[in-house]
Amino acid sequence: MPAQPDISVRQGHLPGFSFLSLPLLLILGGCATSPLAKHTAEFATATNAVVDSSEGAYRAAVRLHDDEQISAAVQKYDANQPWDPHNIKHLIDARGLDARTDILDGLKTYAQRLADVTNGGESESLNAAAAAAGTNLKEMSTAFNSGSTVPPSGFSITRSQANAVSTALKVLGDFLVSQKTRTAVPKIINEMDPQITVLSKLLDSDIVVLRRQSNDDYEQLLMQQDAFIRKSGHDLSPIERRAEIKKLGQLILRKETTDDMLRQLQSTIKSFAETHHALAVAAQSKDMASLSERIADLEAAAERLNHFYNSLPTT
Amino acid sequence: MDATTAVLQNPTTIDAYQALYDALGRAYWDASTIDAKDLIQGARESIYEIITELDEAQLDANTTALLAIQPKIEDTNAALKKIKASINEITKNINTAATVISTISKIVAITAPLM
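Heads up: the sequence lines are chains A and B, in that order. Residues in the first sequence are numbered consecutively from 7, following our numbering. Residues in the second sequence are numbered consecutively from 13, following our numbering.
No lab work stands behind these hints: they were computed from the structure. A couple of the hints might just be wrong.
As a list, the in silico DSS-like pairs of lysine-lysine whose alpha-carbon atoms are at most 27 Å apart [to be verified]: (1) A:186 - B:118; (2) A:276 - A:82; (3) A:193 - B:96; (4) B:84 - A:95; (5) B:118 - A:193; (6) B:84 - A:207; (7) A:186 - B:84; (8) A:114 - A:237; (9) A:193 - B:104; (10) A:186 - B:93; (11) A:193 - B:84; (12) A:193 - A:114; (13) A:207 - A:82; (14) A:252 - B:94; (15) B:118 - A:44; (16) A:114 - B:118; (17) A:193 - A:276; (18) A:252 - A:82; (19) B:94 - A:44; (20) B:84 - B:94; (21) B:84 - A:276.
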């Protein structure tokens with residue numbers, strides 16, 4: 007006779023997992039996301055805003071400065087000093103732009119990986135694996151009790167018990183993931199915090215320069231446009247002249263809009279650094295104030311389990 | 013960075029040039045003749061060029077500082093990738109358990125009629 011699996015399960019009782027603990031976990035409702043995961047999600051959002059806006063700001067500032075040089079060259083084209091269009095000098099050279107793009111993309115990756123790692127307990131694949139284990143256990147029970155097994159195997163579990171096994175595996179998976187993140191992630195975030203502070207100061211310094219340079223580039227464009235109208239405007243038709251004069255007002259509006267955007271970017275960069283610092287504090291905190299966060303962590307875990315348990319099959 | 017560049021990149025120096033540039037801008041728009049405007053524009057352009065050079069120098073200095081931070085970010089991303097791989101391994105192990113149970117079920121289903 008083939009060897010019987012060494013699993014003996016009575017109805018309503020599973021080894022290593024008290025069924026009573028499930029209602030207790032289900033009672034612990036509340037916020038669904040742990041504080042650390044919430045902070046990493048906020049940080050990822052702030053990072054995306056900083057990265058996308060910064061890359062856009064660099065490109066716009068370089069383009070504006072190029073436009074200023076072309077406009078100045080047009081004005082001086084017939085002057086004694088001949089203009090060579092190859093002499094256009096970008097505000098930020100290719101090396102500088104590449105360095106900024108690489109570091110900003112690296113930041114995006116950092117924020118995304120941090121969010122992925124700290125949200126490991128909510129992993130869809132972990133949920134699927136745990137659910138599959140319970141379902142397969144139930145199928146195994148069905149196979150052992152198909153009616154043709156003689157004598158009866160003695161191995162039999164209900165759907166509820168199979169679901170409880172799935173939930174237990176989910177708890178185990180969450181615990182192992184949590185152990186991994188609690189030991190390694192706070193150290194990483196803490197070591198990264200001074201780098202983020204330096205980086206945000208450098209980005210802020212960049213934006214200070216871009217604001218000044220954009221302001222001056224627009225001022226130069228305004229003067230060049232004004233000089234053109236005053237010196238050559240009489241050769242234009244009334245409609246053409248009107249259109250050229252209108253451009254002065256449009257330049258002023260663009261100048262103001264650009265400065266508003268750059269000022270907002272400065273504010274976002276400040277928020278980015280503050281969010282990371284809050285993240286570092288939250289991840290490192292071991293004092294009494296962190297107790298509520300630990301409880302919230304537990305509540306979040308319970309809420310996740312509640313959702314998970316309710317998503318399991320009932321038949 | 014030489015002493016002259018350091019002095020020129022001093023925020024106070026740049027602010028002083030910027031204040032002069034702004035004052036000349038107001039003078040340009042207040043001037044009533046083309047000659048006066050040309051004169052002011054010429055002076056203002058010189059100041060603009062100085063400010064632009066200082067701005068470019070500041071951006072270059074920032075590039076160097078940013079490049080110094082880059083390896084740290086790359087190292088950190090590599091460490092996070094490693095943790096993510098460990099977390100994936102946990103899921104993989106639970107998946108293996110589910111597969112083993114499923115395989116046992118299949119074997120039992122096949123062998124049951126023989127028992």
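Are residue 193 of chain A and residue 84 of chain B close enough, with their CA atoms no more than 27 Å apart? With Cα atoms ~14 Å apart, residue 193 of chain A and residue 84 of chain B stay inside 27 Å; holds.
Please verify whether residue 114 of chain A and residue 237 of chain A have alpha carbons no more than 27 Å apart. 50 Å, violated
Need the status of pair residue 118 of chain B, residue 44 of chain A: alpha-carbon distance at most 27 Å? Distance ~43 Å between residue 118 of chain B and residue 44 of chain A Cα, so the pair is violated.
Residue 207 of chain A and residue 82 of chain A: Cα distance at most 27 Å? 39 Å, violated
Take a quick look at whether residue 114 of chain A and residue 118 of chain B sit within 27 Å of each other, Cα to Cα. 46 Å, violated
Quick one, are residue 186 of chain A and residue 118 of chain B close enough, alpha carbons at most 27 Å? 34 Å, violated
Can you confirm whether the C-alpha distance between residue 118 of chain B and residue 193 of chain A stays at or below 27 Å? 46 Å, violated
What's the verdict on residue 252 of chain A and residue 94 of chain B, does the C-alpha distance respect the 27 Å limit or exceed it? 58 Å, violated
Given the hint that residue 276 of chain A pairs with residue 82 of chain A, test it: the Cα-Cα distance must not exceed 27 Å. 42 Å, violated
Hinted pair residue 193 of chain A and residue 96 of chain B, Cα distance within 27 Å: Status holds; Cα separation ~15 Å.
Holds or violated: residue 193 of chain A with residue 104 of chain B, Cα cutoff 27 Å? Holds, at about 26 Å.
Given the hinted pair residue 193 of chain A and residue 114 of chain A, is their Cα-Cα distance within 27 Å? 19 Å, holds
Going down the numbered hints, you'll see the structure goes against 1, 2, 4, 5, 8, 13, 14, 15, 16, while the others check out.
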